[in-house]
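Letter by letter, the chains look like this.
Number of protein chains: 2
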Amino acid sequence: MGKRVFNFYAGPATLPLKALKEAKKDLLDFRGTGMSVCEISHRSKDFQAVMDEATALVRELYAVPEGFHILWLGGGASTQFFHIPWNLGVEGRPFAYIHTGSWAKAAIKEAKFFGEVKVLASSEDANFSYVPRRFEPDPNAAYLHITSNETIGGIEWLSFPDPGDVPLVVDASSDFLSHPVDWSKIALLYAGAQKNLGPAGVTVVIVREDLVARARAKSLPTMVSYATHVDKGSMHNTPPCFPIYLSMLALRDLKEKGGLPSMERLNKRKAGLLYRLIDSSNGFYRGVARKDSRSRMNVTFRLPTEELEGKCVAEAKARGLIGLKGHRSVGGMRASIYNAMTPKGVKTLAQFLREFQLANA
Amino acid sequence: MGKRVFNFYAGPATLPLKALKEAKKDLLDFRGTGMSVCEISHRSKDFQAVMDEATALVRELYAVPEGFHILWLGGGASTQFFHIPWNLGVEGRPFAYIHTGSWAKAAIKEAKFFGEVKVLASSEDANFSYVPRRFEPDPNAAYLHITSNETIGGIEWLSFPDPGDVPLVVDASSDFLSHPVDWSKIALLYAGAQKNLGPAGVTVVIVREDLVARARAKSLPTMVSYATHVDKGSMHNTPPCFPIYLSMLALRDLKEKGGLPSMERLNKRKAGLLYRLIDSSNGFYRGVARKDSRSRMNVTFRLPTEELEGKCVAEAKARGLIGLKGHRSVGGMRASIYNAMTPKGVKTLAQFLREFQLANA
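Going down the list, the sequences are from chains V and D.
Counting from 73, one number per residue, gives the positions in the first sequence under our numbering.
Counting from 73, one number per residue, gives the positions in the second sequence under our numbering.
The set of hints was computed from the structure by calculation and includes no laboratory data.
Some hints could be false.
Unchecked claim - Stretch by stretch, here's where chain D covers chain V in the computed footprint (C-beta under 8 Å, at least three residues):
id : stretch
1  : 78-88
2  : 150-156
3  : 174-188
4  : 314-323
Since the structure is predicted, the reported quantities are computational estimates derived from the model, not experimental observations.
Just so you know, even glycine gets a beta-carbon here, dropped at the ideal spot from N, CA and C.
Please build the complete structure, drawing on both the sequences and the hints.
So, in structure tokens, the structure goes:
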């Protein structure tokens with residue numbers, strides 16, 4: 073086995089080593105069944121145990137209250153972009169969105185297919201470098217949608233807005249389970265697994281019963297309706313078994329590491345280390361996000377020239393620090409430091425960036 | 073590692089041992105990248121190489137002609153049940169379906185959501201024990217849909233009907249890549265991976281350019297439109313990376329074993345062994361499917377009593393022959409013997425069934 077690198081990709085992203093080792097062990101013989109975890113029937117008690125444990129761990133770690141259902145679905149968060157308005161739309165009531173960047177934009181585009189969309193606030197005026205916290209709520213909206221973390225801009229809602237009586241829908245794909253959330257504000261929260269939870273191929277939807285009731289009252293294609301997946305325990309059809317299984321192993325690891333309070337402290341520390349380095353670099357490194365909106369998950373920054381950025385990415389790679397190039401739509405650099413990125417990885421990156429500055433400033 | 077069992081589950085199902093071993097090797101360090109195959113970015117050249125190889129292998133092994141696109145999508149074949157009529161529907165033209173059992177029924181249900189459905193033939197009159205090959209085509213239909221293999225009844229279209237000028241759409245989820253097909257008859261063929269290709273979590277859609285053009289002319293949600301996935305090489309959003317990767321390994325194995333001509337011979341032999349045993353059991357074992365419609369993938373049969381069926385399933389399990397219980401909706405027994413089930417597995421099952429008959433007849 074080669075040396076394990078530090079993987080700063082924005083997703084698919086680094087996973088807990090312990091979870092990967094456990095998965096490796098089960099890949100030919102799952103729990104003594106004589107079958108791979110990829111071969112067992114989703115209707116077997118062995119796989120049902122995986123589904124149950126994964127669901128229970130999400131509920132426990134996120135402190136999801138009674139009255140919310142936890143679903144494991146295929147198709148990615150991008151599929152939820154159109155399933156959400158279709159399930160939750162109410163005649164005569166617009167969909168309200170806050171526009172914070174590429175992911176919010178993608179969600180807004182799909183909602184327009186199912187009705188009127190009102191964008192209550194946008195940070196487009198400053199190239200999506202901040203979270204627009206001040207906006208006029210629309211009490212008539214079917215729901216209010218926010219993107220809790222934008223991976224491309226590197227901005228994050230560290231606390232959620234008060235939606236009043238309107239159901240708050242949160243795309244938490246890139247900061248899922250990275251800090252405790254206030255469920256009294258949330259009606260639906262969803263996340264593709266491949267950033268902060270597990271491998272690509274499964275999406276978690278946590279949805280309050282009253283919103284499932286909206287879906288139940290409609291005529292929807294079977295696979296679109298949240299009611300189907302609630303009633304069938306996410307097994308109307310064959311679920312993405314291996315992605316769910318590896319997510320379960322990552323959830324176990326998260327629990328062993330002390331759960332969300334511990335993970336939040338760690339994530340603050342990891343992000344703090346990089347932002348302090350940026351702020352104390354005398355302008356050699358420039359943070360992209362406004363300070364009050366800085367993401368703890370995706371640290372975006374620029375160097376004095378694009379040439380230096382390219383050099384920095386290449387030299388980092390040679391040192392085993394992978395995936396630091398910013399998203400192709402915005403350029404620059406980005407360090408994605410999700411739950412599974414170790415403090416050691418972040419310290420190694422910080423050390424490298426200090427040395428790079430000394431050699432190139 | 074425990075003894076490897078013979079897995080006769082209907083899906084998720086047995087996979088080639090060689091593919092699993094290779095995946096195990098890559099689970100911590102993919103091709104010397106220092107990352108798991110579950111951790112690498114889908115935008116990396118390493119993953120693009122996986123996607124390209126998997127696609128090229130499907131094209132080569134299935135002899136898919138120019139003018140057809142090969143897509144890798146999430147959500148399962150059940151999601152295609154509604155995406156197909158939505159993409160391919162044409163104003164004023166009904167959807168034509170042949171009704172052959174549970175899977176055809178599920179597909180028909182979703183199509184009704186998008187327009188008029190005409191069921192041109194059905195084998196419901198004989199409990200879906202045969203493929204209704206004689207029917208009056210509807211030349212005005214937007215397409216004609218068949219389910220090439222029904223896992224529950226154990227019946228299969230061993231050759232496809234001539235659809236005339238109407239595009240033929242084939243749900244080949246359970247006999248994908250098990251025998252060569254005549255692409256001159258086919259307009260779209262789709263399959264969930266978890267029966268005959270790879271692990272659960274990815275669906276292959278092979279679609280002819282003129283049907284993509286129908287999708288392109290419509291206003292559809294981004295993730296629904298085949299045009300999106302054609303234009304983005306199945307990477308509009310993060311694809312189910314690990315399921316695609318393991319499917320690629322299984323495709324390599326299929327190629328090494330001689331591809332489809334060889335696999336078809338093997339599948340005929342495997343199924344023939346079991347059907348001959350059934351036919352020569354003096355009625356102790358009774359085949360469920362009509363002889364002219366017998367599936368090579370799912371061999372369904374009954375014993376004289378349900379009690380004996382239960383005993384047979386239990387004794388088989390004790391001998392390492394797993395998953396022989398029939399689908400809960402119909403009872404009886406079922407041996408699913410997809411591509412990856414070895415002749416040795418089928419011979420071991422046949423030997424057991426002979427002994428069981430001797431002891432219990």
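Practice prompt. State the violated hints by number, sorted upward, taking the hints as numbered earlier in the document.
Written response: none
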